[in-house]
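Peer 1: Just so you know, the protein sequences line up as chains A and B, in that order. Take 1 as the starting number for the first sequence in full-length UniProt numbering and just add one per residue. Take 1 as the starting number for the second sequence in full-length UniProt numbering and just add one per residue.
Treat the hints with care, as some may be off.
No copy is singled out in the list; a pair is fine if it fits within one copy or between any two copies.
Claimed, not checked - In silico DSS-like links for lysine-lysine, alpha-carbon gap of 25 Å or less:
hint: 1; residue 1: Lys256; residue 2: Lys266
hint: 2; residue 1: Lys122; residue 2: Lys193
hint: 3; residue 1: Lys329; residue 2: Lys55
hint: 4; residue 1: Lys85; residue 2: Lys193
hint: 5; residue 1: Lys28; residue 2: Lys45
hint: 6; residue 1: Lys55; residue 2: Lys317
hint: 7; residue 1: Lys122; residue 2: Lys45
hint: 8; residue 1: Lys85; residue 2: Lys55
hint: 9; residue 1: Lys317; residue 2: Lys332
hint: 10; residue 1: Lys122; residue 2: Lys334
hint: 11; residue 1: Lys330; residue 2: Lys45
The hints are simulated quantities; they were obtained by calculation from the structure and are not laboratory data. Please read these numbers as outputs of a predicted model, since none were measured by experiment.
Number of protein chains: 2
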Amino acid sequence: MTFSRLTIALDIMGGDNGPHVTLPAALKALQENPQLYFILCGDEKIISQFMSPQKSAIRDRIEIQHCSDHVAMDERPSSALRNKKDSSMRRALERVENGDADACVSAGNTGALLAIAYHVLKTLPGIDRPALVSALPTDDHHKLFLLDLGANVNCDSETLFQYAVMGSVLAEEVAGIENPRVALLNVGEEQIKGNDQVKFTAQLLQDAPGINYTGFVEGNDIFTNCADVVVTDGFVGNIALKACEGLATLVLEESKRVSQENWWTKLLAKIALPLLRKIYRRVNPDQYNGASLIGLRGIVVKSHGNASSDAFLFAIKEAEQEIQRQVPKKIKDKIESVLMERS
Amino acid sequence: MTFSRLTIALDIMGGDNGPHVTLPAALKALQENPQLYFILCGDEKIISQFMSPQKSAIRDRIEIQHCSDHVAMDERPSSALRNKKDSSMRRALERVENGDADACVSAGNTGALLAIAYHVLKTLPGIDRPALVSALPTDDHHKLFLLDLGANVNCDSETLFQYAVMGSVLAEEVAGIENPRVALLNVGEEQIKGNDQVKFTAQLLQDAPGINYTGFVEGNDIFTNCADVVVTDGFVGNIALKACEGLATLVLEESKRVSQENWWTKLLAKIALPLLRKIYRRVNPDQYNGASLIGLRGIVVKSHGNASSDAFLFAIKEAEQEIQRQVPKKIKDKIESVLMERS
């Protein structure tokens, strides 16, 4: 099934750079895909100013929803949920909930997006908690879906099991990987390794017929073609990914510092730094790819807070893909069939 | 207090390259420090062959303890503990336990070393579990001690609290940092963030007078000067550090691959790769630094399995430092005083 019309609600005000990044990305997306329609949530004046000079073929495919407020990047999720009823983020999610839009994309405050999306959209039947998932690049340019990246820091084995099912659907539908290999993140590959939670989840997955569970993988495996889906709880996933971000930053900073040592290293660095940056753009998943919030009754894609227009465009395309592939419905069907087979 | 004689028991057979790496490192350490004595545990023939051509000033400071066995790198810890009674690893630890040596250094199987050291040496009074700790380099070449790196994957808040005390002693004694800042690894810096375990540990640390607890830090902070000691459980610590190792490997591989694309990138890479490797040697803590197993009634330093002679020498020096500074005694004193103030 292909959709003749895709409607995405955009949180125009979200992210470190708000409209400066989101509006150019929206324009580019509209130019590239004639089936795309946007509901642009945010300050009407800013949006109009940017969009009114555009051709009517573009303007006809946007609706502006003025919002009097927005969620600050450092705002507490609980406060945003309680107080920001007319924020661009919340309105965009509401337009998904009431069926006007097929998906929502935001570069805003992750914690607030999680809290408001969970509140507004609710989880799918059979899913206790949503998860944040992103595709990491691996050594052979294969995609590896890692979840949860921080939606839930207290996960039990049942939640991890559901994450495995959701990740499996995403890998199959979005990346087109047939019968995706699902692994659990652990401190070793042997069955006896790990904490109680991960050991018990392994048992659940071994016994689940609809899932191609392949065992444990270690931290260093997540950048290799070890599996298509790697499951962990949000505490570990968040810290592991951020530690990688920290290392990437350190290496770039260190390269810059080394480059100042003498004329020779200055020359080396002039040559090496662009190469290094090129590689990092490829390996820094958080900056480059959108992260999807899955397990909800609607599609939500999160772009990085300091995303560039290109990265925000990438997140929009991710949302288009999830709409086309009807990801929430597929997750619902899969979890139903897995749970039925299990019982 | 300075020691006129330092005796270290070395597991000569441990590590991917065994005696080829450990013996040259031992020789260099003896040449550099005339106060150093070694008990070399391993295959007598191999050790003698290497050591007999040396000057008597060197030979007089070694004792060879022949061991008929060694622990394989992929051996199960439980099996090594049960079956490898005459292994070089176990004998080296026993020489610490019976007081012949002041410390043990091994590049062998980490799991087996943890299990055998715990069994042979036992923990200090007031300490439930030992921890594996390493110093990470940060953006301003400051040392940050991260623990636990995988000794215990099921840690409760009390264990994390003890880790904070032990890390604090190590930072003060080994790195000479006065009143070291101790932080907890978490998914956010705000007090409301995190799982139950980390929140409860924060409460314990806030109330502990002898510890300079500074709050939560995130994954990307561990390569910055955010704190002197960062505490987490062995599951998270192991996965975070290995994920960084995986990223480092990916970037190096990707640089090599990019370098094959055309003559220009080939040239760039020829220049960039050595710079990149130089930086990685500095930022790859696991490869470069030894990791200490602390909380035991004796000093145990673990060198990386595929350590070079230089890295193994570094681990020996780490052990020398811990002997000089009487780390186990200081940990014992500190935990006693903290627990007394707490009760």
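Peer 1: Tell me the numbers of any earlier hints that the structure contravenes, in ascending order.
Peer 2: The structure conflicts with hints 3, 7, 8, 11, although it agrees with all the remaining ones.
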